[in-house]
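Protein sequence lines, in the order shown, are assigned to chains A and B.
So for the first sequence, numbering that gives the first Met the number 0 puts the first residue at 0; every next one is plus one.
So for the second sequence, numbering that gives the first Met the number 0 puts the first residue at 0; every next one is plus one.
A few of these clues could be false.
Said to hold, decoys possible - With a cut-off of at most 27 Å between alpha-carbon atoms, the simulated BS3-like pairs for lysine-lysine come out as follows:
#1 60(A) to 291(A)
#2 79(A) to 212(B)
#3 34(B) to 276(A)
#4 72(A) to 291(A)
#5 60(A) to 276(A)
#6 174(A) to 212(A)
#7 174(A) to 276(A)
#8 79(A) to 90(A)
#9 86(A) to 291(A)
#10 179(A) to 212(A)
#11 291(A) to 34(B)
#12 218(B) to 326(A)
Said to hold, decoys possible - Some chain A residues flagged as far from chain B (calculated, every beta-carbon gap over 12 Å):
#13 62
#14 98
#15 129
#16 130
#17 174
#18 203
#19 207
#20 208
#21 262
#22 272
#23 294
#24 326
#25 366
#26 391
To be verified - Computed list of chain B residues with no C-beta within reach of chain A, every gap over 12 Å:
#27 45
#28 46
#29 65
#30 66
#31 68
#32 107
#33 151
#34 217
#35 265
The set of hints was computed from the structure by calculation and includes no laboratory data.
The beta-carbon is built from N, C-alpha and C at its ideal position, and this holds for glycine as well.
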Amino acid sequence: MNLSKPQGVKFLSKWWFGLSVMLWFVPLTVFCADTVAVEIVYISQKQTLKPALSNLDSIPKDEGLQGALLAIKDNNTTGKFTGHQFKLLEKQWPASSVSDADIHTFIANKSLLVVALDDNALARIKPLAAAQSTLIMDVVSRADHFRQQGCGDHLFHIAPSRAMRADALAQYLLKKRWVKWFLVQGPTNEDKLFSQALKRAAKRFGSTLVAQKTWLHDYDARRTAQEEVSVFTQGVDYDVLVVADEQGLFGEYLSYRTWKPRPVVGTQGLVPTAWHKTHEQWGAVQIQNRFKAQAGRRMTEKDYAAYLAIRSYGEAIIRVGSNEPEKIKAYLLSDQFALQGYKGKPLSFRSWNGQLRQPVLLAAPRAMVATAPIQGFLHPISELDTLGYDQREVDCNE
Amino acid sequence: MSKGIVCCIYLVLLWVPSCVLRTVAAETIYITLEKDNALAVVDPDLGALVATIPIGQRPRGIALSHDQSQLYVATSDDHVIQIIDVKTLAPVGVLPSGDDPETFALHTAAEILFVSNEDDSLVSVVDVNKQQVIHGIGVGVEPEGIAVSPDGQWVVSASETTNMIHWIDAENYNVVDNTLVDPRPRGVAFTADSQYLWVTSELAGTVAILDVKTRQIIKTITLAVPGLNADRNQPVGVLIDPETQWAYVAMGPANRVAVINAKTFVVEDYLLVGERVWNLSFSPDYSRLYCTNGVSNDMSIIDLTRHKVVKSIKVGHFPWGLVVKP
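Take the sequences, apply the hints, and build the full model.
As structure tokens, this is what we get:
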């Protein structure tokens, strides 16, 4: 009685040819006399590869870009009905020292940018773009300082900040009553920042840091992790090992090697993330499929952010019927803006710091575990604002 | 003694409506179970699940043929529409449907299905008798809600990511017009006189009423369940009764069905049903409304004479679509 998948596929391919032939005769639309061209600039940066723990997961070269391309495609499907033609212009951030003049020519006369840049480059481009009323969608940075102080007037952040990620995790751990945390942080500056976010989250949601240690890499952990981790985690009474290792230099060593049988969460183990390959609720399976068909691989968090950035521009331009950055900005920050992000809630921007409001997924390597905000964490305006810096905690001047 | 009489009257009063319900309805509800790969058969009079039939991968959209002898069920992950004999509940055929069929609508006169193919931004036109896809209509990104106007003139398709209603001429399958609506349009339903189209927008928490003549929005209703944060109000399925007196909107994770006065556009009530209420169907005599509750794995029965939820019935994992056979 069940029709097996191969049969279904056979059926499909049989009809597909006929269907595609017929499609040639279908008028796509009956109007659209004038087409408005919209150019969006995608600026990426060559990544310095980290010393990976294993070579199992290759880092795709087009990470981010494929998400941007899918969004352009989606915008254009809509655009054919509204008379908009979206185009992506790719640019590469100069590798070494770059002058302000360079950046000026770089963004010359471009009003809509999507940037996949590190925090230093973002800090450089931010004031110069603002001076020209150029809008920037940052799709990479997790830095809280961009959201908490010195937010850019024309700067939007798509990826969840470190604070949002830490809060998502803390809500879940509180729900599980795993409130005694043993924090392990790496030696890098990023690890320090994430561990600060974790401490803030622990305090906000009532968990306790019973121990905190730094993993120093001063021995060859590849050979001795089995022994080192046991000793490293000995003598502490805790519920959960919370790890801050953004580069993934040692975090994977921790699971199953601790002195006590305890779960690992944070940057490894159970991770808070904007997107995950196992996420399929709320229509997510559709975009996962469309992405895979286009890119030949799974969608990553960076692809997802680039997708949302360009979809946001697309939505705003079609709704306000204008390309002017100021009008687009006003719409993006208004209550009318509601973006489909395949996470069960409408996404919007926090007017006070340009951060995209969104649920944060809590995922194990091969399973979705929960979606934050966790039910029961309440907020007078939007439960999504229980994650990250709320309006009253932000020093940005509007 | 008077206590005894009151008690007796009370018991009789309790018993009478259930007795009436038993005699009035003689219908069967068929529900697709997305996660069980099965079809649930429910007898609403008994208030019980009477059978569960394996049907194919990820069944979602469901409709009854004009002669009511066959069920059409979209099994999305098999990329086909199954034909099921209503009497024997056995599969009797398979229709091509294009990729990943989710929802579809039956033409009001002909045995033709209009199928939303979400992954391909396409509406496929399927001739049931020829068992062929006879046309493909390019629409916006992720088409979902689809309906044929009762007068047979229009097919409307709602594209979730493009946020548009596409107006398709049911004769020649051309897209004639497009109306931009609030974010993530899901459900679409015409009034019985084909004059108005109701559209739910999941992310905006709104219902728009469009004038079919001008294809413009004439009214937008914002749904707001008291005490619930706005982003939980996510309307999906919508139905309007034949007199255009009442409209009913399934509100997804708000776990309620909104009761809207279709003349004044005032929301009169929010009825608490199961979790993530999804699709709606009237009983043939319009005295009851049935809804599928995706997350709580049950369906609810709403008595429309009183606008009260009278029963919920466990049906299986992720009940999605439903159809009622008299």
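Structure-based check of all given hints:
1. 60(A) to 291(A): Cα-Cα ~15 Å, so holds.
2. 79(A) to 212(B): Distance of about 23 Å is within 27 Å: holds.
3. 34(B) to 276(A): holds (19 Å)
4. 72(A) to 291(A): Roughly 14 Å separates the two Cα atoms, so the pair holds.
5. 60(A) to 276(A): holds (18 Å)
6. 174(A) to 212(A): holds (25 Å)
7. 174(A) to 276(A): Holds, because 24 Å separates the two Cα atoms, which is no more than 27 Å.
8. 79(A) to 90(A): holds (26 Å)
9. 86(A) to 291(A): It holds: about 21 Å lies between the C-alpha atoms, which stays within 27 Å.
10. 179(A) to 212(A): holds (14 Å)
11. 291(A) to 34(B): holds (23 Å)
12. 218(B) to 326(A): holds (25 Å)
13. 62: holds (22 Å)
14. 98: At roughly 41 Å from the nearest Cβ of chain B, residue 98(A) sits farther out than 12 Å, so the non-interface label holds.
15. 129: Non-interface label stands for residue 129(A): nearest chain B Cβ at 28 Å, farther than 12 Å.
16. 130: About 33 Å separates residue 130(A) from the closest Cβ of chain B, which puts it past 12 Å; holds.
17. 174: Correct as stated: the minimum Cβ-Cβ distance to chain B is 18 Å, above 12 Å.
18. 203: Non-interface label on residue 203(A) holds, nearest chain B Cβ at 19 Å vs cutoff 12 Å.
19. 207: holds (30 Å)
20. 208: About 31 Å separates residue 208(A) from the closest Cβ of chain B, which puts it past 12 Å; holds.
21. 262: holds (26 Å)
22. 272: holds (20 Å)
23. 294: Check passes; 14 Å lies beyond 12 Å.
24. 326: holds (16 Å)
25. 366: About 16 Å separates residue 366(A) from the closest Cβ of chain B, which puts it past 12 Å; holds.
26. 391: holds (18 Å)
27. 45: holds (25 Å)
28. 46: For residue 46(B), whose nearest Cβ neighbour in chain A is about 28 Å away, the distance exceeds 12 Å, so it holds.
29. 65: holds (24 Å)
30. 66: Given a closest Cβ separation of 23 Å, the condition holds.
31. 68: holds (19 Å)
32. 107: Nearest chain A Cβ is 23 Å from residue 107(B), so the label holds.
33. 151: holds (21 Å)
34. 217: holds (19 Å)
35. 265: Check passes; 23 Å lies beyond 12 Å.
Violated hints: none; the structure is consistent with every hint.
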